[in-house]
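Chain residues, written in single-letter form:
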Amino acid sequence: MTAPGPVLRSLVDPFHPHPYRVVARRRETSDTVTLRLCPATDPYLPGSPGQFMMLTAFGIGEVPISLSRVPDRSGMLEHTIRAVGSVTRHLVALRPGDWVGVRGPFGTGWPLDLARGRDVLLVAGGLGFAPLRSALEAILERRQDYRRVTVLLGARTPSDVLYRQILPRWQRRNDVDLRVTVDRPDERWRGQVGVVPQLVSQVAPSFEPTETVAFICGPDVMMRFTVRELQRHGVSDDRIFLSLERNMQCGVGLCGHCQLGPFFLCKDGPVLPYSRLMPFYEVREL
Amino acid sequence: MARGSVVIESAHLRTLILTLQREGYQVIGPTVRDGSIVYAELSSDGDLPVGWTDEQEAGHYRLRRRDDQAVFGYAVGPHSWKRFLLPSPFVLWRARRTADGVLEETPPADAPRYAFLGVRSCDLHAIRVLDRIVLAGTAVDPIYAHRREQAFIVTVQCANFAPRTCFCVSMGTGPRATAGYDLALTELLEPGAHRFVVEIGSERGANLLAHVPHRPARAADLRAAEQAIARTATQMGRRLDTNGLKAALYANLEHPRWNDVAERCLTCGNCTMVCPTCFCFSVEDRTDLSGNVTERVRQFDVCFTTAFTYTAGTSHRHSARARYRQWVLHKLATWVDQFGTFGCVGCGRCITWCPVGIDITEEAAVLSSRRGAGAEDT
Amino acid sequence: MNESSPEHALRMHPFTADLNDEQLSELARLARVAVYEPNEYLLREGDPATAFYLIVSGLVSIEVFVPGHGARPLQTVEGGSAVGWSWILAPSRWEFDARALERTTALVLDGERLRQLFVRDCCLGLRLVQRLLFIVAERLKAARLQLLDLYGPPRELP
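Chains as they are written, first to last, in my numbering: chain U, 1 to 286; chain R, 1 to 378; chain Z, 1 to 158.
Keep in mind the hints are simulated off the structure, nothing from the lab.
Glycine included, every Cβ here is placed at the ideal spot set by N, Cα and C.
Wrong hints could be hidden among the right ones.
[What the hints assert, rightly or not] Over the 12 Å line for every Cβ pair with chain R, so calculated as not near, a few chain U residues:
no., residue
1, P14
2, P17
3, R21
4, L45
5, P46
6, E62
7, R118
8, V203
9, E208
10, P209
11, Q249
12, G251
13, P273
14, P279
[To be verified] Per label pair, the in silico range of CB-to-CB distance:
no., chain 1, residue 1, chain 2, residue 2, range
15, Z, P14, R, N259, 41 to 47 Å
16, R, H318, Z, P153, 40 to 46 Å
17, U, A24, R, L289, 31 to 37 Å
18, U, R27, R, P89, 51 to 57 Å
19, Z, V35, U, S86, 20 to 26 Å
20, R, V91, U, R143, 27 to 33 Å
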């Protein structure tokens, strides 16, 4: 790897990206990769599960991407990126040694404090597993702080399930109940077929609704139906947390794009309790 | 807070401008350009719109000759001060890709020292609204902060024109400016006597006046000034009832009137561009032909486009109804939750410059009326 | 009452757990416990629909056979739920296959006798048909969501 390039910037200026290098690239699915990024200069950026970074592809633009692994002691972090638009297509194509601009961390994280001492239910749909992975890792690191830990994953096909290399390691643990369901199985799939909200009913008998904290991330429709399932089983709205996706450009509540009602999802979100989101989240096109 | 008042003769407006220039300020003020009164750099008092007024109505703006020599005898034009405080487009940074990395070559910060001449009370409030957003939030915008800190503000109290699309009285933002300026002028037009009562709002304002010939204000001057401003208040062409407005709009997110406005709204975004508080911006990376030099440019964005909410292949606000609703809801409801104030200062620009004459005061009145949730009158 | 008796299984299954003793023993008389090995069919498309399956444990795939592609799983059903409702609309045949993916234990209730019981005891009949309708509605909802292809590649605006 070449020496990191020097970068002159002001630390107080929220608009300037920090230089990072791609150190590893892992293909997750046909259109999704996970990039491991390493800071090219000191100091590195912090970050907690559920927060996001703004990633710059040189000369192309900038996009918000949640932390799938939070920075370790050397500042190394991971992002799982799906090629959807021009910037993400370029990010997905990066190779080890390539430059990435990083700003952040931005937004609210998953409320792990609230989850401590309670049953935790993580529900992810598709790429929504990325921000929940960092939460899962934080929980497993201090497993004894939590009661039942349940992870429900939905994916389009078996080959669209993220983090398949490490999934078996989590599945083998007897202190985590991890269930995967797919919409369209292939010939080799021996697991569940169906949508992720259905799994809530399956696991509901194993958690105590009044002592459960749920973190949900996935497409809006999947989150809506999952919330309803959780409500039906008695989980209260202020213990159901959603991570929302919107157009985010500045990350600090100045550019105005990510508004949902009174919220700037880049700083008031992306993780918010359903109790606060409720009056606005289900209003169409708000 | 006024620190006393003096009177200057109209001829000394020139001295005021010259003094500001000598102090190193770039003086921005009203001038006639392309059939409207805009804000631009003034080289001297000769650039001011002397003897002009504007005729405004919903979707209508015309300049007219006055039969006097009033300097500030017009309401507000299409420009507001945000174009100087939040310059657009603005290069946030520039960087070059080299063999061993990416080198940032951000241009040196060269925030100009502005003196704003002719800031109306509504616009003074608009600047205060921007201060709350850009200076008091989780992150401070350094571009705005530098310009704002240095800006010298000469307010002009509203007098001597018919405020047809204005509604500052009902918004509590005018027509009289009471704070936030360095100097505040009230133009007095009397037969054979053309002068300005000058309220001193800051130490800086007082120091500047030392270079401009003046005399102490007499009670009669002050009375004449108050009367002129009071006349503007009584002539106000519009009003917006803010009592319970936020709650009413939140309750009426599915009001049938949104569909009705959407039928008329062209989603052109003129309202956002003339609005003195609309602050939304987008960023865009631009690259030279080699692909090795790139710059990130920030410019005002418009919530009336579908691109505004474009995320991962889709737009969250497809319908015109949703986009108009976002704008009005933001100005009059969500803004209050976000920043503790309305996003509207009653300047009336959005009414005047809407090509189809949509009137926010009229829409807000209907939209906050108790027939939301799709209920029709029977 | 032994652990693998129909009555015990009925008492433990969420579909019937809250019924009274009399109702449970009535149902137990027309039920048997069956165990299916992986890949064994509980029921097959085209066969007469004569039973109702309460899944006790395991995993069952509802599927359709597509010539040239083999079995296409559509949805899976876990322990605690139920499979098969065509019996209620007798005489009828199964519309899909149900195949065990794992070793599966099910309570198999005789459809004909269940219908007769529902006619005799309409209150019980309505209660259980309501529960069945709930399962049908859940499965329809899930099928609708699956149709949306929620995690598919986003479509770019034109």
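Results of checking the hints against the structure:
1. P14: violated, 4 Å
2. P17: violated, 8 Å
3. R21: Nearest chain R Cβ is 9 Å from R21(U), so the label is violated.
4. L45: holds, 15 Å
5. P46: Fine: 15 Å to the nearest Cβ keeps P46(U) off the interface.
6. E62: Not fine: 7 Å to the nearest Cβ puts E62(U) too close to chain R.
7. R118: The assertion about R118(U) holds, with a minimum of 29 Å to chain R.
8. V203: holds, 29 Å
9. E208: holds, 34 Å
10. P209: Holds, because the least Cβ-Cβ distance between P209(U) and chain R comes to about 30 Å, which exceeds 12 Å.
11. Q249: violated, 5 Å
12. G251: Answer for G251(U): violated, closest chain R Cβ roughly 8 Å.
13. P273: At roughly 16 Å from the nearest Cβ of chain R, P273(U) sits farther out than 12 Å, so the non-interface label holds.
14. P279: violated, 7 Å
15. P14(Z) with N259(R): 41 to 47 Å: The hinted range 41 to 47 Å holds for P14(Z) and N259(R), with Cβ atoms some 46 Å apart.
16. H318(R) with P153(Z): 40 to 46 Å: violated, 19 Å
17. A24(U) with L289(R): 31 to 37 Å: This hint holds: roughly 33 Å between Cβ atoms.
18. R27(U) with P89(R): 51 to 57 Å: Violated, at about 38 Å.
19. V35(Z) with S86(U): 20 to 26 Å: violated, 56 Å
20. V91(R) with R143(U): 27 to 33 Å: violated, 49 Å
The structure fails to meet hints 1, 2, 3, 6, 11, 12, 14, 16, 18, 19, 20 from the earlier list, while all remaining hints are met.
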